[in-house]
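**Q** Residues per chain, in single letters:
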Amino acid sequence: MPVPIGSGPNRRQFLQRAAILAAAAPTVGAFLAACSKPAGTQGSAPSLTIAKPDSPVKWPIADDNKPIGDSLPPEKGATLKIYNYADYLSPQAIKGFEDQYGVKVEVSTFNDGDEAITKLRSGVDFDIYNANYTEISRLVTGNLVRPLNHSYIPNISNVWPSFTNPWYDQGWQYTVPYTIYTTGMGWRTDQVPADIGKLSNPYAALWDPAYKDKTAIIDDFHTAMAMVLLKQGITDVNTSSEADLKMVGEQLSALVKATSPKVTITMYSDMPAGQIGLSQMWSGDVINAVNYLPEGVGPEILRYWFPEDGKGLVDNDMLVTLKGGKNPVLAHLFLNHMLDPAVAKENFSAIGYQPPQNSLTADSLVAESFIPENLKNVIVKPEYFDTGYRTLELDADNDAAWHNVWNAFNAGGS
Amino acid sequence: MLQRSRQRTNRLWPVLAAPGVGWLLLFFLAPLYVVLAIVFGQRDPVFRTAVPVWNPLQWDPTQFTYVLTRIGPDGVYFPALVRTVVYVAAASILCLCIAFPVAYYVSRLAGRHKGLLIALLIAPFWISYMMRMLAWVNLLQNDGLFNRMLSFGGLFDPNVDWLTGQPVVVILGLVYGYVPYMILPLYAGLDRLSQSMLEASRDLGANRVSSFVRVTLPMCRPTIMAAVLLTCLPMLGDYFTNDLLSASPKTAMVGNLINDSVQAPGQTGQAGAFVMLVLLATVLPMVYYVRVTLRGDEVRT
Numbered sequence: 366m367p368v369p370i371g372s373g374p375n376r377r378q379f380l381q382r383a384a385i386l387a388a389a390a391p392t393v394g395a396f397l398a399a400c401s402k403p404a405g406t407q408g409s410a411p412s413l414t415i416a417k418p419d420s421p422v423k424w425p426i427a428d429d430n431k432p433i434g435d436s437l438p439p440e441k442g443a444t445l446k447i448y449n450y451a452d453y454l455s456p457q458a459i460k461g462f463e464d465q466y467g468v469k470v471e472v473s474t475f476n477d478g479d480e481a482i483t484k485l486r487s488g489v490d491f492d493i494y495n496a497n498y499t500e501i502s503r504l505v506t507g508n509l510v511r512p513l514n515h516s517y518i519p520n521i522s523n524v525w526p527s528f529t530n531p532w533y534d535q536g537w538q539y540t541v542p543y544t545i546y547t548t549g550m551g552w553r554t555d556q557v558p559a560d561i562g563k564l565s566n567p568y569a570a571l572w573d574p575a576y577k578d579k580t581a582i583i584d585d586f587h588t589a590m591a592m593v594l595l596k597q598g599i600t601d602v603n604t605s606s607e608a609d610l611k612m613v614g615e616q617l618s619a620l621v622k623a624t625s626p627k628v629t630i631t632m633y634s635d636m637p638a639g640q641i642g643l644s645q646m647w648s649g650d651v652i653n654a655v656n657y658l659p660e661g662v663g664p665e666i667l668r669y670w671f672p673e674d675g676k677g678l679v680d681n682d683m684l685v686t687l688k689g690g691k692n693p694v695l696a697h698l699f700l701n702h703m704l705d706p707a708v709a710k711e712n713f714s715a716i717g718y719q720p721p722q723n724s725l726t727a728d729s730l731v732a733e734s735f736i737p738e739n740l741k742n743v744i745v746k747p748e749y750f751d752t753g754y755r756t757l758e759l760d761a762d763n764d765a766a767w768h769n770v771w772n773a774f775n776a777g778g779s
Numbered sequence: 008m009l010q011r012s013r014q015r016t017n018r019l020w021p022v023l024a025a026p027g028v029g030w031l032l033l034f035f036l037a038p039l040y041v042v043l044a045i046v047f048g049q050r051d052p053v054f055r056t057a058v059p060v061w062n063p064l065q066w067d068p069t070q071f072t073y074v075l076t077r078i079g080p081d082g083v084y085f086p087a088l089v090r091t092v093v094y095v096a097a098a099s100i101l102c103l104c105i106a107f108p109v110a111y112y113v114s115r116l117a118g119r120h121k122g123l124l125i126a127l128l129i130a131p132f133w134i135s136y137m138m139r140m141l142a143w144v145n146l147l148q149n150d151g152l153f154n155r156m157l158s159f160g161g162l163f164d165p166n167v168d169w170l171t172g173q174p175v176v177v178i179l180g181l182v183y184g185y186v187p188y189m190i191l192p193l194y195a196g197l198d199r200l201s202q203s204m205l206e207a208s209r210d211l212g213a214n215r216v217s218s219f220v221r222v223t224l225p226m227c228r229p230t231i232m233a234a235v236l237l238t239c240l241p242m243l244g245d246y247f248t249n250d251l252l253s254a255s256p257k258t259a260m261v262g263n264l265i266n267d268s269v270q271a272p273g274q275t276g277q278a279g280a281f282v283m284l285v286l287l288a289t290v291l292p293m294v295y296y297v298r299v300t301l302r303g304d305e306v307r308t
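Chains W and A, in that order, give the protein sequences.
Residues 366 to 779 (our numbering) are what the first sequence spells out, left to right.
Residues 8 to 308 (our numbering) are what the second sequence spells out, left to right.
These are calculated hints, taken from the structure and not from any lab test.
A couple of the hints might just be wrong.
Here are the simulated EDC-like cross-link-like pairs (lysine to aspartate or glutamate), alpha carbons at most 20 Å apart as the crow flies [to be verified]:
1) W/Lys577 - A/Asp150
2) W/Lys577 - A/Asp250
3) W/Lys577 - A/Asp164
4) W/Lys710 - W/Asp728
5) W/Lys611 - A/Asp81
6) W/Lys710 - W/Glu463
7) W/Lys688 - W/Asp428
8) W/Lys676 - W/Asp419
9) A/Lys257 - W/Asp584
So that you can see chain W by itself, here it is in the shape it has in the complex:
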C-alpha cells in the first residue's frame, strides 16, 4: 500500500503528542472526583433542621419509607453490605454474624463523613452505614436512611439509657449507638517530659515551639477547629461568629509557624512509631495506639488528657440502616448483633473505641487489665455527655465559612 511520504508521525511529533497527553495527567484525578454522579435537588428542603442537646429532634418518617414489618425471616444467602471507616469493625464480630446467619458481610470503607455522604447520594446499595450524629439531618432530609423496627433490636437494653432517646434522634427511630469517645491530648512521656495534663491549658502545648515537628492535629475541620476555640476559652464549638472564625484562622497560622503539625488521622500508628510525640487525639485512638507499639516499648509511655470535669469534646458514632440496602432484615439483625455485650466488648478490644454498654466501666476494664492503669482516663463516662461540648451539624453558610478557614490552613498560607 502506498504511504504518502512524510505523512506518518515522526519521532518529534510523537514526543509532542505524548507531552500533550501528559499535560492532561495532573487533572485526571480531579476529573474523576468531579465526575461522581451529581444528584438532583429534588424534594430537599433548602434549610436543615439542626438537632441540638437543648433542642432535641424527633425526625419525621416519610410515607414511602416505613419501617419493615415484624418477624420477617432474614434474607437467605445474601451479602450484607456495610459502609464504614477502615479498621473500625472487628473481623471477629463480622465472622460471628456470618456464621450465625449463613450470609456474607462485605465492608466498604471511607475516609471521612463528607466523602461518605457524597457516595451514599450516588445511589449505592449499602445496607448499613456508620454515621455521626452531625449527619443525621442530611441523612433523613435526603431520604437516605431507613427507619428502624425496634422488635428486631432487643439488645438496645444493654446500652446506656440516654442513647435510647438521644437528642439527635428522639425515640431512636433511625439510629443505634455504636461508639463513644472523647477528644483530648495524647503524648509520649519519652518525647514530652512535661505532664501535659497538669498544664494550665493543655491544648496550648501544641503551640509550644519546644515540640516542633513532633505534633499532630486531627484531620477533621470541626474537631480540630473546635480544639482551637476551646484553647482560647470559647466553649461554643459550633460558633457562627465571624470574629471567632477569624481568630481560629489566625491561631492555626500561628500553629503552623510554631510547631508545623501533621494533619492526619493516623496518630494511632504514628505515635507508637515515634513520629509524633504530642497530638490532639481521640480517646479510642489512644487505646488503639497500645496495639501498635513496637516490641520492647510498653504502654506506660502513653498518656491521655481529657478535662476531668468533662468539659471537653465528647462524641458518639452510630449505626443506621440505609434505604437503598437490599437486606433490611439482616441489617436490623446486624445492629442487634453489635449491641450484644460480648460482641461489643470484643469489638472494643479490636478497634479501641468504646461502646456505650452498661456492663463496661473504667474500673472494671482496668481490673480486667483490658486497659493499662495510666490510660484509665480514656474511658468515657456517662456524665461526660451532660457536661461535654458537642460538635453539631452546621448550616450551609456556616459550614462553608468553617471549611474556608480550614482549607486556608491546609494550604499552609496565612
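The hints should help you fit chain A onto chain W, whose structure is shown.
**A** Chain A in isolation, oriented as in the chain W frame:
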C-alpha cells in the same frame, strides 16, 4: 492511478485517526466541560454537593472568583502555589541530573549489558508508586533504617523527624517517584542520536566536551524538553507523595489544595478552579515546547 491511490489513502488516514480523536473528545474534552460546568455550577442546598450547570449562559462565577482573588501575593493560596513551582522545578532539575547520565550510559556506552540495563530501568514500573512511597515511610520513620544508619550504631543521636513536614523529603520523594519516567524518554531519544554526526564533529576537531556541548546537547534538546514535561506535569498534580511523606500544611502543594477542596462539601467548584489554573499554567510550557520543536523542523528542512 497514482492520483486515485492518493485519494484512497487520504480517506484511510482520517479513519485510522478516528478512534484516537474519539477517545480525546470523550475522555478529555467532555470531562473538561464537566469540570467547567461544576466550577461555574450550583450547589445542592442540603448536601452541598456540586450540581453541574450545563448551559454556559447560566454559569455562576462565584467559586472561580473566590479562588482567583486568593492566589495573589497576599492570598491564602499564594504560598502553596509558589511552593508547588519551587518543589516541581527542584525535583525536575534533580531528576534530569540523575536521569541524563543514566540514559546516556545505557543508550551509548552500555554495550552488551544494554538489554539487562533496560530491563532494570523498567523494573520500577512493576511496583506501584504507592508501595514505593510507603517503603520510604518505613525507612524514614524515627526508629527507621535511615535514622539508625545516621546514628552509626548508637554513636550519635540524629533525632531527625523526616516525616513531619520536611520540604527536602517531599522533593526527594518526587524525584525518587518520577525519575524512571524521565529516564525512559531520554533513553529513547539518545538511542536514536545520529552516530555519524558525532563522528563528524570529532573528525572536525571537536574534543569530547565540545562535541557533547555543541552537537549532542542541541540535538537532544527536544528529547530533554519532552522528558522534563512528561515528569513535571504529573508532579504538578501529585498530592499523595506529600500526604504520605509529610501531611503537614507547611509542604502543601496545589495537588493537595485540589484534593482538600474536592472532599470538602460545597467546595468542589473551588477544586475545579484549581484544576483550570493548573491546566492554564501547563499550557504555556506546552506551547513553548511545540514552538521549539516546530522551529527545529523548519531549520532541518
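**Q** Taking the hints in turn, state whether each one holds.
**A** Here is what the structure says about each hint:
no. : hint                : in the structure
1   : W/Lys577 - A/Asp150 : holds (18 Å)
2   : W/Lys577 - A/Asp250 : holds (19 Å)
3   : W/Lys577 - A/Asp164 : holds (17 Å)
4   : W/Lys710 - W/Asp728 : holds (15 Å)
5   : W/Lys611 - A/Asp81  : holds (16 Å)
6   : W/Lys710 - W/Glu463 : holds (18 Å)
7   : W/Lys688 - W/Asp428 : holds (13 Å)
8   : W/Lys676 - W/Asp419 : holds (16 Å)
9   : A/Lys257 - W/Asp584 : holds (15 Å)
No hint from the list above goes unmet by this structure.
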